[in-house]
Amino acid sequence: MDSKKGIIFTGAVIGILAVVLVRFGNPVNMGICIACFIRDTTGALGLHRAAVVQYIRPEIIGIVLGAFLISLGKKEFAVRGGSSPFIRFMLGFIVMIGALMFLGCPLRMVLRLGGGDLNALFGLAGFAAGIIVGIIFLKNGFSLKRTYKLSPLEGFLFPLLNVGLFILLLTAPAFIFFSTKGPGAGHAPVWIALAAGVIVGVLVQRTRLCMVGGIRDAILFKDTYLILGFISILVFASLGNLYFGFYKLSFAGQSVAHTDGLWNFLGMALAGWGSVLLGGCPLRQLILASEGNIDSVITVLGMSAGAAFAHNFSLAASAQGPSPNGKIAVLIGFVLLLVIASFNLERETKATVQGGVKIGAS
Amino acid sequence: MAQVDTRGMSCPQPVLMTKKALDINSAEVTVLVDSKTAKSNVERYLNLTGYTINTIELDSKTHTFEISAKKQ
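Protein chains in written order, with the numbering used here: chain A, 6 to 367; chain B, 426 to 497.
Do not take every clue at face value.
[What the hints assert, rightly or not] Below, a list of computed lysine to aspartate or glutamate pairs in the EDC-like style, where the Cα atoms sit at most 20 angstroms apart: (1) B:K496 - B:D484; (2) B:K461 - A:E351; (3) B:K445 - A:E351; (4) A:K79 - B:D484; (5) A:K80 - B:E482; (6) B:K486 - A:E81; (7) A:K79 - B:D430.
Keep in mind the hints are simulated off the structure, nothing from the lab.
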């Protein structure tokens, strides 16, 4: 599947599945949103108490299990970690703060564009700006250092945790919170959502689709492979929305969105910059976490903690717009990214070996 | 000849390291990778920039590959 056709096909399937999930009950332009769905799951566990965004999202569980099983089947499951774990936790946290300012992860940004939500144009501009800032640091030697081999159990725990979440979803014990109104109450039937997630997990694991990687590689390496997936999602989500009659071209009155252009821009700039430093968007982090990358597991936990903080301290924006606390949090996020990015610039390790050049991880 | 060891590095660093090595010596490069993602990313980059590549698997357990590339 490492071909242009493969990634265009994957984008098409994601774009269409996202619209189908809306048709079956997910909030509009939120067929799949990694940030929103991690936030909802965090809320269902009671780690935040925003009553309108609490639900264990089977799409996330499906993505994890799909990517886990296919990586096992393809012998790509490899348990590794130890590449700046706490920095990655912080980066995950910050990406979530940015995403919840904009109201969506980079994938939902594309889906919002595909639904005619023009506010997402500000998000896209910010996202690209954040990526460019991140690229400047990458070019100057930004690195979160190398990973190390870990024990297999370490890698199996994350998928297992997701099986546990699925059991909680099906059994719905009293200590789990499920929204009765708001975005959290809007969801497709469990098995449909799970199946859609599995399909997405498998395809994205095979093609390495990544929202941040698309723009990054196009700028950094003039490599258009990943951005084809990005464009494909946009095209097919647009077509799907037109077909089902969800398409609505406007700024005002969009589902789970606000019209503050500046903060849509800044939220996504924060998410884009943070994601470049992490090496991938929230969707990609989720896939990597499922194939044994413990650093990405830590990142997902960071996103989850970010979501909990965002709703416990009123940092997340709402349809009414950004909150004062949220604006401060986003600005603090930029300062933290600058510190993290600046303190992880490596001077190249160059050693001349037999008249040649050697560049390696030291 | 430039040798690049990207083992343990995550995306997009293997490609960045390869690019840096080629900036110094663009005729030939050998890149060590230890994931299939890094392998395909580095191969794609070298293909795009006009290199003939030859990849051998050094260790299937750890997904370690050695990619040798020569300017076409």
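Going down the list of hints, with the structure as the test:
no.: 1; hint: B:K496 - B:D484; result: 26 angstroms, violated
no.: 2; hint: B:K461 - A:E351; result: 25 angstroms, violated
no.: 3; hint: B:K445 - A:E351; result: 13 angstroms, holds
no.: 4; hint: A:K79 - B:D484; result: 16 angstroms, holds
no.: 5; hint: A:K80 - B:E482; result: 14 angstroms, holds
no.: 6; hint: B:K486 - A:E81; result: 10 angstroms, holds
no.: 7; hint: A:K79 - B:D430; result: 24 angstroms, violated
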